[in-house]
Amino acid sequence: MTETLLNAAGHGLVLVGLLFFLAGSLGLLRFPDIYARLHALTKAHNLGLGLLCSGLALQASALSEAAKMMLVWLLVLIASGIGATLVASTANTCGIVPRQVSRRIRHKRPREPKE
Amino acid sequence: MTLAQWSFDLLLAGGLLWLGWQALFEKRRFSAVVHFMAFNLLMALVWVRLSAPDIALAEAAIGAGVTGALLLTALGRLPSGTSSGAHPHRWHPHWRYLAVISACISTAWLIAVVPQLPSPGLAGEIEAVMPATGVDHAVTAVLLNIRALDTLLEVAVMLAAVVLVWSLGPTLRPLPPATILPGLPALSRLLHPLFLLVPTYLLWRGTHAPGGAFPAGAVLGAGGVLMLLADEVGWMQRQHWQRLLRLLLVSGLALFVLVGLGGLLMTGTFLSIPLGVARLLIMAVEIAMALSIALMLMALYLYGEPGQ
Chain A
1 MTETLLNAAG
11 HGLVLVGLLF
21 FLAGSLGLLR
31 FPDIYARLHA
41 LTKAHNLGLG
51 LLCSGLALQA
61 SALSEAAKMM
71 LVWLLVLIAS
81 GIGATLVAST
91 ANTCGIVPRQ
101 VSRRIRHKRP
111 REPKE
Chain B
1 MTLAQWSFDL
11 LLAGGLLWLG
21 WQALFEKRRF
31 SAVVHFMAFN
41 LLMALVWVRL
51 SAPDIALAEA
61 AIGAGVTGAL
71 LLTALGRLPS
81 GTSSGAHPHR
91 WHPHWRYLAV
101 ISACISTAWL
111 IAVVPQLPSP
121 GLAGEIEAVM
131 PATGVDHAVT
141 AVLLNIRALD
151 TLLEVAVMLA
161 AVVLVWSLGP
171 TLRPLPPATI
181 LPGLPALSRL
191 LHPLFLLVPT
201 YLLWRGTHAP
211 GGAFPAGAVL
221 GAGGVLMLLA
231 DEVGWMQRQH
241 WQRLLRLLLV
251 SGLALFVLVG
261 LGGLLMTGTF
271 LSIPLGVARL
281 LIMAVEIAMA
291 LSIALMLMAL
301 YLYGEPGQ
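Chains as they are written, first to last, in our numbering: chain A, 1 to 115; chain B, 1 to 308.
The shape of chain A in the complex, shown without the other chains (with noise of 0.2 Å):
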């Protein structure tokens, strides 16, 4: 029974985990710049990681396996959010500009860079 239900809630948070996978897929290809693409990425892909990978928790045969599940997600957590400071800080030393939408003026949106 107790495994039944823990299977069904594994299922459910990869589900889920892989729609936020697709939303930050989606937001990667779409957002205009280069910093609201690290958001999609950071934000986005790190959330449905984490529910990916609890949801295979739940469904392991071992609590060691459970326990590397999350080691994994806490490894990229870091690698990701340490890796997206130094995109953005050295695109902004790149010269490349935050797109900014203010009421009153609009920028034009940034030149994306060549390379």
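Treat the hints with care, since some could be wrong.
Computed footprint of chain B on chain A, listed as stretches where at least three residues anywhere in the stretch have a Cβ under 8 Å from a Cβ of chain B [said to hold, decoys possible]:
| no. | region |
| --- | --- |
| 1 | 20 to 28 |
| 2 | 83 to 90 |
Pairs of lysine to any residue residues, derived as SDA-like cross-links and limited to a Cα-Cα distance of at most 25 Å, are as follows [said to hold, decoys possible]:
| no. | chain 1 | residue 1 | chain 2 | residue 2 |
| --- | --- | --- | --- | --- |
| 3 | A | LYS68 | B | GLY63 |
| 4 | B | LYS27 | A | LYS43 |
| 5 | A | LYS43 | A | ALA79 |
In short, the hints are calculated from the structure, not lab data. Every residue gets a Cβ at the ideal spot worked out from N, C-alpha and C, and that includes glycine.
Could you slot chain B onto chain A? The hints should help.
Coordinates of chain B only, in the frame set by chain A:
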């Protein structure tokens, strides 16, 4: 095999082909490198599907991690204006036809030959000699005992590559960081204990399960490259440490050759390891090789001879 597995495999194969095409023919070099890294990650998945986790580990660590970092850094050092390569549209038509025809012929030949391969391969024969190798994992037995010469030569090739890179000139000092990025040293410091723990585990695992010197060395080397990027490996540049650095670089190969010569003395065949000491010797060679491989990957990343 279920439908889901079939479609996953097809998706993998299609993705590999597309990424390979992009990596080869993408005009912008940066994009080509990123496609190449993605190709290697997908390739690691393919190895997992072929139930070869050993190769998957090495592929992910060396192919995507270390090679990707090397290529990206090399790209960063290229003079500006060279960010685009030649597009195949500009190739001479003769070469284009030749490439297409040879690709078709080799594909057809592969399709014709694959069904003739002996099935299930050499697994049975290896199983038969396993007790005489001193280890419990078939891949380790093949790499370090049955076909030890291949592994020995692989490490020799890597060492030759390091010598070649170092002979090009003195080390290029790390790129001046475009901005003060406190994240990079923090990341390398946070993750480094894991970069030490995982290779140790892989080495210990190598005797009875997927693991061993190459994945361990690759993971250790990847951690080292991260430290190099954060400019925290000052000792490799210092005059004082040069002798030790070179000694460690050759230690894997040297120990391997010594074991081989010992085998020659004791049994009359180069690289044949007597069963009594096989387990201990293979473990020692694996540890020395993992250290050497990690240092070699870092040494390649210096782009020149340190201590000059």
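Here's how the hints hold up against the structure:
no.: 1; hint: 20 to 28; in the structure: violated (count 0)
no.: 2; hint: 83 to 90; in the structure: holds (count 5)
no.: 3; hint: LYS68/A <-> GLY63/B; in the structure: 24 Å, holds
no.: 4; hint: LYS27/B <-> LYS43/A; in the structure: 31 Å, violated
no.: 5; hint: LYS43/A <-> ALA79/A; in the structure: 13 Å, holds
When the structure is compared with the earlier hints, violations turn up for hints 1 and 4 and for no others.
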